[in-house]
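> The number in my numbering is simply the position in the sequence shown, starting from 1, with 139 added.
Hint data in this document are derived by calculation from the structure and do not stem from the laboratory. One should not assume that every hint holds.
To be verified - Dumping the calculated PhoX-like pairs for lysine-lysine here, alpha-carbon to alpha-carbon at most 20 Å:
#1 Lys221 x Lys256
#2 Lys345 x Lys308
#3 Lys289 x Lys345
#4 Lys411 x Lys446
#5 Lys289 x Lys221
#6 Lys442 x Lys432
#7 Lys352 x Lys413
#8 Lys308 x Lys289
#9 Lys170 x Lys213
#10 Lys154 x Lys170
#11 Lys208 x Lys154
#12 Lys505 x Lys442
#13 Lys442 x Lys391
#14 Lys334 x Lys352
#15 Lys154 x Lys213
#16 Lys391 x Lys413
Claimed, not checked - Estimated spans, in silico, between C-beta atoms of each pair:
#17 His414 x Tyr211: 51 to 57 Å
#18 Gly541 x Lys446: 20 to 26 Å
#19 Arg597 x His414: 49 to 55 Å
Because the structure is a prediction, the values reported are computed rather than measured. Just so it is clear, CB atoms sit at the ideal spot from N, CA and C, and this is done for glycine as well.
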Amino acid sequence: MAHSTQTPKMTPSTKTLISGVRKGNIGRVTKALDEGADISVVLPKYRGCPHVNLVCVAAIRGHAEIIAKLHYNKAELNFFTKVGFNPLHLAVINNHPNVLRKLVNLGMDPNSTTNNKHAATALHIASRLGLVKCTEQLIALGASVNSRDKNQLTPLMRASECNKVDCIKVLLSNGGDTSATTDAGWDVGHIVARKGSSDVFNYLLKRGHNLKKINHRGLTSINIADEYGHPHIYERIFDSDLIEAVAAGDQKAADEALARGADALIILSEYKHKHNVNLICIAAIEGHADVIKLLQSYGANLKHSSKAGLNALHFAAYRCHLQVLNVLVDLDVDVKAPTEDEHGLTALHIAAEQGHQIFVEQLIEKGVQPNTRDSAFVASTPVMLAARKNKVKCMEMLIDKGADASLIDSYGMGAAHYAAKEGSYEALKFLVIAGINVHKQDGEGYTPQDWAELTGGRDVVDWLRKVDRPQEVMDRLEEHMHIPQEAPHRPKESAVLPPKDTHLL
């Protein structure tokens with residue numbers, strides 16, 4: 140459409156129409172049109188965009204229903220501004236996916252290009268700006284994922300050069316072609332290498348992009364990264380290879396990545412919901428003992444703690460990775476080291492709480508005292524934590540190895556209090572059998588029996604009330620020892636008794 144050079148007809152009704160379009164007031168627009176307002180009026184400029192009609196104004200503002208009203212009254216949909224944008228392009232630029240849907244439904248071509256030197260589609264624009272919802276909407280409306288602009292660039296290339304990873308994911312999941320090339324033989328990897336976009340480069344590699352592909356100058360992506368001063372993007376490739384090898388336990392691949400220059404001291408912001416972990420921690424989580432030895436030989440820190448305060452030994456204790464324990468001990472890791480958080484638990488506390496008997500046994504054999512206390516104010520023992528989680532076999536193991544089940548923490552709570560408070564009634568009964576006094580009060584005056592009653596264990600409470608002598612315990616054990624998981628009185632949450640400070644251990 141030719142650009143009008145005429146001054147807009149600013150009759151009162153036309154002014155009302157413009158105001159109604161700007162504000163999205165359908166009533167005002169209808170009234171102005173009924174009064175004869177000029178629907179073809181062209182504004183010299185609106186919000187920095189020169190030469191716009193009213194459909195363009197409504198697209199900029201995001202007023203889809205106003206556009207429908209204007210179209211019904213014969214307003215031009217395929218109007219181009221002075222800089223070559225039509226309403227579809229303006230809707231994208233202003234991030235209005237609802238307007239895109241309305242315009243296409245009214246007949247606009249989702250693949251229409253800008254009327255300027257770029258000849259870009261709306262999808263090129265959305266991808267370049269990183270507008271995920273507009274990108275998704277345009278694809279749903281039929282926009283070509285692999286369309287080309289005047290420079291032979293696809294939407295994927297545009298998103299890649301601007302580091303718009305989320306849009307790249309949308310495009311690739313909808314058929315975006317990473318192998319497409321420009322007339323000069325540049326593919327998306329070459330473009331990213333020129334721009335130095337590390338995140339995009341690594342994402343493309345994970346999708347299987349070919350690093351060895353050359354352009355018409357005979358250059359690979361790595362050559363281009365060097366030429367434009369971005370060697371960091373391929374250095375991270377080797378780091379990525381190393382991370383994958385460590386996680387998979389592939390010692391050979393890890394060794395190769397390290398030999399190529401991968402950094403053994405990498406710290407990941409997140410790995411399987413664990414934050415600030417190094418590669419030693421990852422190997423410990425996955426149980427890859429040999430990889431730990433390899434990483435340590437390259438200077439990786441065996442004592443590194445995650446954001447939650449756990450080191451490799453603590454992670455191994457959670458997962459019961461005995462080979463990792465043995466390797467860490469061989470490498471002189473302190474088996475008594477507490478977590479660097481508010482709890483200060485040792486690996487023995489963790490293993491006991493998780494019910495890992497063999498790990499508990501190995502730690503004690505390697506010098507950890509069975510009555511070791513946490514380093515926080517609470518001063519809990521492994522038996523207490525095993526009792527809390529109903530890990531009776533671990534409690535037996537600890538007691539056989541010399542643990543004292545009658546000890547109390549800083550709040551005056553013993554293992555029986557821990558068990559009763561959490562509804563761990565099998566552990567509580569085991570402690571009674573072991574001779575622990577269930578009538579002993581904690582620092583706030585509550586007995587294990589009080590806690591058992593509060594957590595809903597009526598059968599256990601009745602049993603405890605009848606028990607005054609060990610022989611009576613033994614006589615009643617067979618009848619009362621099992622509480623079914625589906626029993627209605629089985630507690631789902633820990634109880635809280637005022638005014639005791641129920642510290643969450």
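> Does Lys213 sit within 20 Å of Lys170, going by the straight-line distance between their CA atoms?
This hinted pair holds, its Cα atoms lying about 16 Å apart.
> Hinted pair, alpha-carbon criterion (20 Å max): Lys154, Lys213. Please report holds or violated.
The given pair, whose Cα atoms are some 18 Å apart, holds under the 20 Å limit.
> For a C-alpha distance cap of 20 Å, please report whether Lys411 and Lys446 respect it.
holds (13 Å)
> Between the alpha carbons of Lys334 and Lys352, is the straight-line distance 20 Å or under?
holds (17 Å)
> Take the C-alpha atoms of Lys391 and Lys413, compute the straight-line distance between them, and say whether it is at most 20 Å.
Measuring from Cα to Cα gives roughly 25 Å; hence the hint is violated.
> Hinted pair, alpha-carbon criterion (20 Å max): Lys505, Lys442. Please report holds or violated.
Within the cut-off at roughly 18 Å; holds.
> So if I understand the rule, the pair passes when the alpha-carbon distance is 20 Å or less; does Lys289 with Lys345 pass?
violated (29 Å)
> Quick one: are His414 and Tyr211 within 51 to 57 Å, going by C-beta?
holds (55 Å)
> Checking one constraint from the list: CA of Lys221 to CA of Lys256, max 20 Å. Satisfied?
holds (13 Å)
> Taking 20 Å as the top limit, are the C-alpha atoms of Lys154 and Lys170 close enough?
holds (12 Å)
> May I ask you to test the hint 49 to 55 Å on the CB atoms belonging to Arg597 and His414?
Since the Cβ atoms of Arg597 and His414 sit about 42 Å apart, the hinted range of 49 to 55 Å is violated.
> Is it true that the CA of Lys308 sits at most 20 Å from the CA of Lys289?
At roughly 24 Å apart (the allowed maximum being 20 Å), Lys289 and Lys308 break the hint.
Hint violations for this structure: numbers 3, 7, 8, 13, 16, 18 and 19, all remaining hints satisfied.
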